[in-house]
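*Asks:* Spelled out, the chains give:
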Amino acid sequence: MNLKGRNFLDHLHPALVRSRTLSPMTTLGFGIACLTCFVILAATGFSLFLYYIPDTSLAYERILHITTTLHYGGLVRSLHFTAANALIILSVLHLSRVFLTGAYKGRVLNWIYGLALFFLILLAAFTGYLLPWDQISYWAARVGAGLAESFPLIGPEAQRMVLGGTEVGEETLLRAFAIHAAGIPMLMVILISLHLWRIRRDGGLAAPEKDVDRIPAVPWLYRAEGGVAFLTFAILIVVALIFPAPLYERADPLHPPNPAKAPWYFVGLQEMLAHSVFLGGFVVPVFILFFLFLAPLLDTSPSPGGKWLASDRAGWNSTFLLILIGQTVLIIIGQWFRGPNWSFRIPF
Amino acid sequence: MNKINNPDRRAWLRRGLVGFVFAAAGGILLDVWRAAGRFTSARWSEVAPIDTFATEGIYPFPSEKIAILWEGDRLAALSLECTHLGCLLNTTDQGFFCPCHGSHFGPRGAVLSGPARRDLPWHDLQVERGRVWIHTGEKREEPNWVSI
Amino acid sequence: MNDNEEPGWVNLFFYGAGLSAALALIAALLFGGSAGPLAHGPGVADITINLSGIPVREHCTTCHIQGGLPNVEAHGGRVEFHPDIAPHSVQNLGCTGCHLGEGMALDPEISHGLPGLEARRILKGKEVQARCYACHELNPLPGAERAWQGYVLFRTRACDTCHRISGNGIGGRFGPDLGTIGSHLGLEPLKVAIRDPKRDPPNSIMPRFPLSRGQARDIAFFLKSRVKDPLYATPMQIMAGIQDPPVISMPIPEDLPSKGHLLSSRKCLACHKFGLEDGRIGTDLSAIGAMREREYISVFLTDPSKKIPGAIMPRVKMTAGEEKEIVNFLASRATKPSPVSGANASGYDQEGKEAKHLYMTLCQRCHAASGDGRGLIQPNLANFPRPFAGNAEFFRVTPDQRIVSSIEKGIAGTSMPPYGNLLDKNRSKMLIDLLFEAFIGIPRTEKTTMPPLPVAAEAPSDSKRAETRYMEYCSRCHGRYGTGKGPEYLDFQPRPRNLTNEPYFAAINDERIARAIADGIPGTAMPAFREELSAEDLWGLAALVRRFSAGEVYE
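Chains as they are written, first to last, in the numbering used here: chain Y, 1 to 348; chain F, 349 to 496; chain U, 497 to 1051.
For the record, the hints were derived by calculation from the structure and aren't laboratory data.
Nothing here was measured: the structure is a model prediction, and the numbers come from that model.
Worth double-checking, as some hints may not be accurate.
[Unchecked claim] Selected chain F positions facing chain U (Cβ under 10 Å, derived; list incomplete): (1) L436; (2) N438; (3) G450; (4) H452; (5) A458; (6) V459; (7) G462.
[Claimed, not checked] Pair by pair, the computed Cβ-Cβ distance ranges are: (8) F/N492 with U/P583: 52 to 58 Å; (9) Y/Y51 with U/R870: 31 to 37 Å; (10) U/L521 with Y/P208: 52 to 58 Å; (11) F/R479 with U/R898: 52 to 58 Å.
[What the hints assert, rightly or not] Listed next, the stretches of chain Y that the computed footprint assigns to chain F, with coverage defined by at least 3 CB atoms under 8 Å from CB atoms of chain F: (12) 46 to 57; (13) 97 to 106; (14) 225 to 234.
Heads up, the beta-carbon is just placed ideally off N, CA and C, and yes, glycines get one too.
Construct the entire structure; sequences and hints are all you get.
*Replies:* See the structure below:
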């Protein structure tokens, strides 16, 4: 074991890890990919922070400035946009991996941290979506705020809190910026630290067998993690170069686009709401929330955590997959199969 | 002596103290966070002198996004924001029409045809010193009729 | 620890990923910087112009060096100058004040306005005149002839009967306020909205005015100048405007005639037809004085929807004197249809010719020359004109006496006027014969006998039960409140009947309502409910329709 050059990261890593930890099928690297996205988001976000002004009359011009005039500004913005969307997808995949392998067993606290992080990511994405103050972002915020309204009791209050009033306006932009650029990053850094530290506290990755081969964390674990991080980084840059972050016209509070859609990750909710306000806006979301939070407490199946699709957890896994696939299908329908006035249309 | 004999009580005291400090601080912060609505949209604002309303009918005030309904000897303020996406409604003889997506509301704000699904909400209204005031921002389900 | 089992693939993966990241970064270095304009010019021209106290920042002159065409290779790298615009000066006004566009962008696409509402779409060449009246008062201006023409059209075509374009007092409230429309829409969307108002939303009540492409463009030029923050006003004035919106004086253009009669000066003829003048939107008023009572006309002028619920005609503000004058005018100038010209020439076909002439003068405007009900002004009517062609089934079940009465007495609550005073018995018979012969295609006497209606129950039926049945069977089309605007009403032409149409239902008996529910109405989407409904439900629903039309159920 090489003790030279020990650094802070060694506090998060054990000296020895099971060789299974490095196997690609164990985690698929989603957690590290998420972490990479977060680091990229922090770096690009700070760079954008230097040029952005959260003011309804200036925000859009500043975004234009960043996108077209600033050298590499467009790339930084695109990378921020790409990494944000990637983070949502990757965190869902990460969460799915943990659920489908039953890795939350005996790690309820870390599962809750993870869920909290996931909701922070969604909130960060939603507030960040508004900042360019263009047509799509403005109306997505209005629609998103409307979605919250249908949720009894907490909905209107949360909506008021985020909007800074009852309408999307000056206050909303300022709040979105404060939440997006100060509140959430701070909370996320704390939660990510806890999330990582808990892995070590809980004895590394969940594994079905107890004592098996171990290999030194240095350099193998570091290299495996570094490899995932590099790969994520490379893919994000390429995607950002090929698909620049979109920008539409200035926000016009009087002329909504038809149909006005929520950001894509909330389109599933919008689609459900379009069918039934009570069922889609309250019952199903509450069920999903309870399911996710309570699963590790109620799941008493005997199989140890860390095993993919264990047969005694078939009920849990299939419910989870049903939710996941259901939301994916709803998002696809809402995003691509809905025309003016939310009428069904074939996109091709 | 007391201290030694009652470790429990001390622990509870400590917890209570910490709890109170957090709850009070949190409460204050929460109040600060909620405050924005109070001085932006939710306030009493003057609409028009009462003499403006000569006959029964609907008086739209697009700049305030409301319409004043005069019926018999009473007034109420109806919101002119479409419940679909918040466009400003046109006032026609048959009620209110949304130029954005074509939602139609009856003369009392009941939704006649979509895409809007909810009826128009109402605003609080009061008559002070011969002038009509409405409470913006906060909306209510039922009209608040004010007799004159 | 077992060194023999070193996972060598991790190294491969690590270095491979590291290499791909390095390559991606090189690609980013090469292709991620701003391309385009920056690569050409010496740098970014970043200018701030003071427009009446509002600082406006622009990058336009990076490419348009002296305000002319861009300094790119395609133009031979020449520097072009802005045309002389004295007494204005480019130095003081900058670019985006007149030309719009996104001054802060530096991208050929974004700078010139993204697609969509096109609020900031660049105005080039002659289009710049669309901005003149954003600063100047409404008076003829050299260079802004099209925009001025647009203003004249706006006034003469009665746009201001429904729309208002300034903060105070002028114009109707029937349509959206266009006072700031120029800040929201570009020229192209404006033109589309003027020429094709029913494109979005499809149930817009604005009629399609007969305007040429050029006229629509002129109006768009004028409307584009109605902006939120007119640059001539200082921020202080705008602030003050919140309390008391400044009245933009709207002179009546000299060539706006009060030609002859009040119909013209009150802009009735912007929509209606009278004699030879035709607005091609509303009904023919030439003979209205002979058909409608004075009282009817006078009530209609104050509140059109009292007589024809759902009529799109706005209330036109006028003094009692003016109103009286119009009623008098219409009553006194009522003209009967002129005898058919050249009739009698052969003698042989005279009757047929006369009937055709009558149809073309009186019926064709709504019922169409082809008899399918899609006449010139059909889209603007509250009720769909009864189609004749291809509608034989309807006329098989409609008693002949009802057809005669519809023509002679009109149909209350709709635009169908009583022709009894214009047509004598003989001519109206000729006309009906023509309808059957030319369009309906069955003998006038061919009628289907309908099965009798179930007998009404003695006791009054339960109104709650009828309401439940209504929600179940009728509300999809006729709407919760019977207004004929249910969630699916736009799918049908003719549209579902407005059950709150008081005059219409006052003129028909319960049996006809029940008949329509039981056996449906051929030629419309109204199906027969005889099988689904019991006698009690049927008569309960008929009673509910009565209550709708009496305005009872509505809230």
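*Asks:* Indicate whether the distance between the beta carbons of F/N492 and U/P583 respects the range 52 to 58 Å.
*Replies:* holds, 56 Å
*Asks:* Does the CB of F/V459 sit less than 10 Å away from some CB of chain U?
*Replies:* holds, 8 Å
*Asks:* With a Cβ-Cβ cutoff of 8 Å, does the stretch 46 to 57 of chain Y contain at least three residues near chain F?
*Replies:* violated (count 0)
*Asks:* May I ask you to test the interface hint for F/G462 with respect to chain U, counting a Cβ-Cβ separation under 10 Å as satisfied?
*Replies:* holds, 6 Å
*Asks:* Honestly, do F/R479 and U/R898 meet the 52 to 58 Å range at C-beta?
*Replies:* At 56 Å between Cβs, range holds.
*Asks:* Min Cβ distance, F/G450 to chain U: is it shorter than 10 Å?
*Replies:* Hint on F/G450: holds, closest Cβ of chain U at ~3 Å, below 10 Å.
*Asks:* Restraint: F/N438 near chain U, CB-CB cut 10 Å. Satisfied or not?
*Replies:* Holds, because the Cβ-Cβ distance from F/N438 to chain U comes to roughly 6 Å (cut-off 10 Å).
*Asks:* Quick check on F/H452 please, does its C-beta sit within 10 Å of some C-beta on chain U?
*Replies:* Status holds, d = 5 Å.
*Asks:* In this structure, is the beta-carbon distance linking Y/Y51 and U/R870 contained in 31 to 37 Å?
*Replies:* Hint violated: Cβ distance 58 Å, outside 31 to 37 Å.
*Asks:* Given the range 52 to 58 Å, decide if the beta-carbon distance of U/L521 to Y/P208 lies inside it.
*Replies:* violated, 40 Å
*Asks:* With a cut-off of 10 Å on the beta carbons, see whether F/L436 makes it to chain U.
*Replies:* Holds. Min distance 7 Å.
*Asks:* Please count how many residues of the stretch 97 to 106 of chain Y have a CB within 8 Å of a CB from chain F and say whether that reaches 3.
*Replies:* n = 0 at 8 Å, threshold three: violated.
Checked against the numbered hints given earlier, this structure breaks hints 9, 10, 12, 13 and 14; the rest are met.
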